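Trainee: One letter stands for each residue in the lines below.
There are 4 protein chains.
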Amino acid sequence: MAINAVVWGENVHEQTNKTVSDLYPEGLHGAIAKGLNADAGISATTATLQEPDHGLTEERLAQTDVLLWWGHAAHGDVEDEVVERVVRHVWAGMGLLVLHSGHFAKVFKRLMGTPCNLYWREAGERERIWSVNRNHPIAKGLPEHFELENEEMYGEPFGIPEPDETVFISWFQGGEVFRSGATWKRGAGKVFYFRPGHETYPTYHDDNVLKVLTNAVHWACTGRAQDVQDVDAAPNVPVSEALEPIEQRGATLHEEGEEGFR
Amino acid sequence: MAINAVVWGENVHEQTNKTVSDLYPEGLHGAIAKGLNADAGISATTATLQEPDHGLTEERLAQTDVLLWWGHAAHGDVEDEVVERVVRHVWAGMGLLVLHSGHFAKVFKRLMGTPCNLYWREAGERERIWSVNRNHPIAKGLPEHFELENEEMYGEPFGIPEPDETVFISWFQGGEVFRSGATWKRGAGKVFYFRPGHETYPTYHDDNVLKVLTNAVHWACTGRAQDVQDVDAAPNVPVSEALEPIEQRGATLHEEGEEGFR
Amino acid sequence: MAINAVVWGENVHEQTNKTVSDLYPEGLHGAIAKGLNADAGISATTATLQEPDHGLTEERLAQTDVLLWWGHAAHGDVEDEVVERVVRHVWAGMGLLVLHSGHFAKVFKRLMGTPCNLYWREAGERERIWSVNRNHPIAKGLPEHFELENEEMYGEPFGIPEPDETVFISWFQGGEVFRSGATWKRGAGKVFYFRPGHETYPTYHDDNVLKVLTNAVHWACTGRAQDVQDVDAAPNVPVSEALEPIEQRGATLHEEGEEGFR
Amino acid sequence: MAINAVVWGENVHEQTNKTVSDLYPEGLHGAIAKGLNADAGISATTATLQEPDHGLTEERLAQTDVLLWWGHAAHGDVEDEVVERVVRHVWAGMGLLVLHSGHFAKVFKRLMGTPCNLYWREAGERERIWSVNRNHPIAKGLPEHFELENEEMYGEPFGIPEPDETVFISWFQGGEVFRSGATWKRGAGKVFYFRPGHETYPTYHDDNVLKVLTNAVHWACTGRAQDVQDVDAAPNVPVSEALEPIEQRGATLHEEGEEGFR
Chain C
1 MAINAVVWGE NVHEQTNKTV SDLYPEGLHG AIAKGLNADA GISATTATLQ
51 EPDHGLTEER LAQTDVLLWW GHAAHGDVED EVVERVVRHV WAGMGLLVLH
101 SGHFAKVFKR LMGTPCNLYW REAGERERIW SVNRNHPIAK GLPEHFELEN
151 EEMYGEPFGI PEPDETVFIS WFQGGEVFRS GATWKRGAGK VFYFRPGHET
201 YPTYHDDNVL KVLTNAVHWA CTGRAQDVQD VDAAPNVPVS EALEPIEQRG
251 ATLHEEGEEG FR
Chain P
1 MAINAVVWGE NVHEQTNKTV SDLYPEGLHG AIAKGLNADA GISATTATLQ
51 EPDHGLTEER LAQTDVLLWW GHAAHGDVED EVVERVVRHV WAGMGLLVLH
101 SGHFAKVFKR LMGTPCNLYW REAGERERIW SVNRNHPIAK GLPEHFELEN
151 EEMYGEPFGI PEPDETVFIS WFQGGEVFRS GATWKRGAGK VFYFRPGHET
201 YPTYHDDNVL KVLTNAVHWA CTGRAQDVQD VDAAPNVPVS EALEPIEQRG
251 ATLHEEGEEG FR
Chain G
1 MAINAVVWGE NVHEQTNKTV SDLYPEGLHG AIAKGLNADA GISATTATLQ
51 EPDHGLTEER LAQTDVLLWW GHAAHGDVED EVVERVVRHV WAGMGLLVLH
101 SGHFAKVFKR LMGTPCNLYW REAGERERIW SVNRNHPIAK GLPEHFELEN
151 EEMYGEPFGI PEPDETVFIS WFQGGEVFRS GATWKRGAGK VFYFRPGHET
201 YPTYHDDNVL KVLTNAVHWA CTGRAQDVQD VDAAPNVPVS EALEPIEQRG
251 ATLHEEGEEG FR
Chain W
1 MAINAVVWGE NVHEQTNKTV SDLYPEGLHG AIAKGLNADA GISATTATLQ
51 EPDHGLTEER LAQTDVLLWW GHAAHGDVED EVVERVVRHV WAGMGLLVLH
101 SGHFAKVFKR LMGTPCNLYW REAGERERIW SVNRNHPIAK GLPEHFELEN
151 EEMYGEPFGI PEPDETVFIS WFQGGEVFRS GATWKRGAGK VFYFRPGHET
201 YPTYHDDNVL KVLTNAVHWA CTGRAQDVQD VDAAPNVPVS EALEPIEQRG
251 ATLHEEGEEG FR
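For the protein sequence lines, the chains are C, P, G and W, in the order given.
Residue numbering for the first sequence is 1 to 262, as defined by UniProt numbering.
Residue numbering for the second sequence is 1 to 262, as defined by UniProt numbering.
Residue numbering for the third sequence is 1 to 262, as defined by UniProt numbering.
Residue numbering for the fourth sequence is 1 to 262, as defined by UniProt numbering.
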């Protein structure tokens, strides 16, 4: 059965900037979804900021294996309730791919616990992306390096936690480097950040970029069948149900079986 | 010069529960600060929930090398503004030690990006803490294992990100295990979680526990002199100031030197 | 196409100890292979110390997706040439599962770069294995904890590098804990260590243990199609083939295109 | 008391290549030791391949807090016995800094368990080293980036295990990137790899490079007072000395208190 991928797009510059709408007549989200759907194992749809619940209702997220997130100008317009909903689905087992300027998206900052900041320059310079983790499933079938002739520069230090795995590092023509592909786990969910994707360049029409995203969707999908339920429960284990026989000793704050503080 | 440590205590059960106030007449925070002050290299003071700004004003945090956090019943009463202030100081370089039930403190959940949940049982059972990371500065001078005859049980799975380092793992009489000492870095700040410390037991009078906390204060202190300024800035690097000579190419969203979106 | 798994068994105590031969008439390797073959996606065969090349010729390893390694009394009898051969196949992309007393196997110590030592006790005590990494593919379908009523104890500190992922932690009746399931990557190959499996107990007839091993075979398999070739090559990139135009500057040790030192 | 640092130099090209001997009349090891000794907290001496035991006797290593290793043309001439001696001291608690072409040194490959290979080019091109880990003690007092106008290029993929911490990433004029500063722990010892240092360039006269090495010596020093003794011992814990009362059950291979297999 195909993996359910949802590509979330902010869909702002597509409406206001002719360069962007010319490059991406169906939106960046549309171009990404089209690229993913070229893989028979993926069924990708889109959601946007402007829809009710930003297109990310509880029902839809519950059926989403992997969510991709592209945002830039309107991070502040994303409702906190939807952010929390997304975060809880990641904790339960949904995969999350955060793209480019999504480094400052609420969902990413919320899951990382760090500022997620960086240096940047919009000069259309050359970016060369190096694979540093041999045989990583996200780099499968890609050359050891590939170029994007025109991209925005993002420069280190990138304000992220030490990645579980560093998959890609970028070289920029203007002299900077950047950890362009990195993975983390949050709860039961897998998270991947991928750097390229500035809206004024044709990055999401690049075969290598689409290959990375396709690979990453497969990598991030754990299936939702074995989801963690009640993702932040902190169950009390009564003395009488201890795995090894023990007896109650000393003073207690709680009555047997009482809820804990949160 | 001595390390400035501030021990933050929720100070609730000390006022409402005779077991707790008998064990800790100066509060858990008071007992911890007293233990730290036995080390000539540390100058520890206390702050509590009930003070204005919970005792954690901008001025005070700016002079704090390491903050210790003990909370339990009143996590929800900690003002979000103070939480953000603490988080930003960690990002800048302040050390943070999170103690026991602080696993559900807003500051810890905010920095981890995970649910931080666990199983628990309040049976006064025996806990044995094993050092698993040889020669780690936080375990310096401690035996390979030590016991707390009466403690609350916390059981895995513990809802944290994969630690940068696992320092201690606990064995519980009732059959559970727990990653009792773990480290992470967040921005420029070092974070350590240490499990023991239930308020109805004399844990913070235990020499080994105080040794761990003393070691951890030294470990977490980076000095504030080399603090990161403006912790979440994302500076634009104009084309004219690129480290390697490049020329502007392609379309741009931003004018030269303009602020980026957040 | 099924995953090619090879279960390597030392096959010593099976020949010399009646308890072991009664429990494992087809050898520990035979029992493990049988358990794996219950999964339609795996085709498992065996190899033993006593065969020429210990059953691990270049040809056989080249067709092996995942190698499982059980050894105990005869680590010293494994030829260094075969060890290097195994190590190079791991670097190229072969998965490796190291079982129980294999912590002291030459192949494991060689890949870890650490002493791999531990405390131990052969008392037939109860071991309880806790899953600490939610939704990890190796823990898929397993309960949060399971028991082995009779096992050898291994105790921390375990002399391994900080794992990439800690998947299982064991509780022992006699008071110890142990990181029982841990993963690392070495070159292009994935490595998993799994603790239980003492030869005088029926561990490899336990459904949960066989489930772990079956899951781990799937997890460790990257397919050999995208293997790294010439795993420790250090190719020179001539100035004339640099990705960005540069000119030769300063003194050199090597002539253009010459081999480097090793 | 000052940290005892020993700078090990292969001392081959200093004798055979005029460019090298002109740049480093006292050897690369001499220049590095001189740079370290500018710090009042470090007492650095040198050792070379040509001395008996390569200058690294058991007695000398026992008094060494941090060993620095520079080798290139003669890795194969380093005796295996000395390699094992160094490795065991690292496991016990000695710090180790591996420099530049030392990526292929026996001691480094032995401790990493990976091929440690890379791409390279000797073109005297510009290298720019970026600090990616804010406030890391090894990067203390350094700018966010610094340049070496002439260096050898090393390019990814670098065949190392996922670092515990990535501290520096290099940008090369010819289009490559490299993880230039990375840390690992092996046993009780801390290991740092630092990339720059080709012998035909004045790298070890550069203030920033010497600052990195000085910082790294402080970082890697744990003092030898709390060394792990008998670094690869695997002690038996007799049933009668179990921390929790247990009784012997089931069959055993070993007599009470017998040595384990290795």
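Source of the hints: derived by calculation from the structure; they are not laboratory data.
Do not rely on the hints blindly, as some may be mistaken.
Copies of the same chain are indistinguishable here, so a pair counts whether it falls within one copy or spans any two.
[What the hints assert, rightly or not] Pairs of lysine-lysine, DSSO-like flavour, derived with a Cα cap of 30 Å: (1) 18 / 185; (2) 140 / 18; (3) 211 / 18; (4) 185 / 34; (5) 211 / 140.
Since the model is a prediction, treat every value here as computed from it, not as a measurement.
Trainee: So which of the earlier hints does this model not fit?
Mentor: 1, 2
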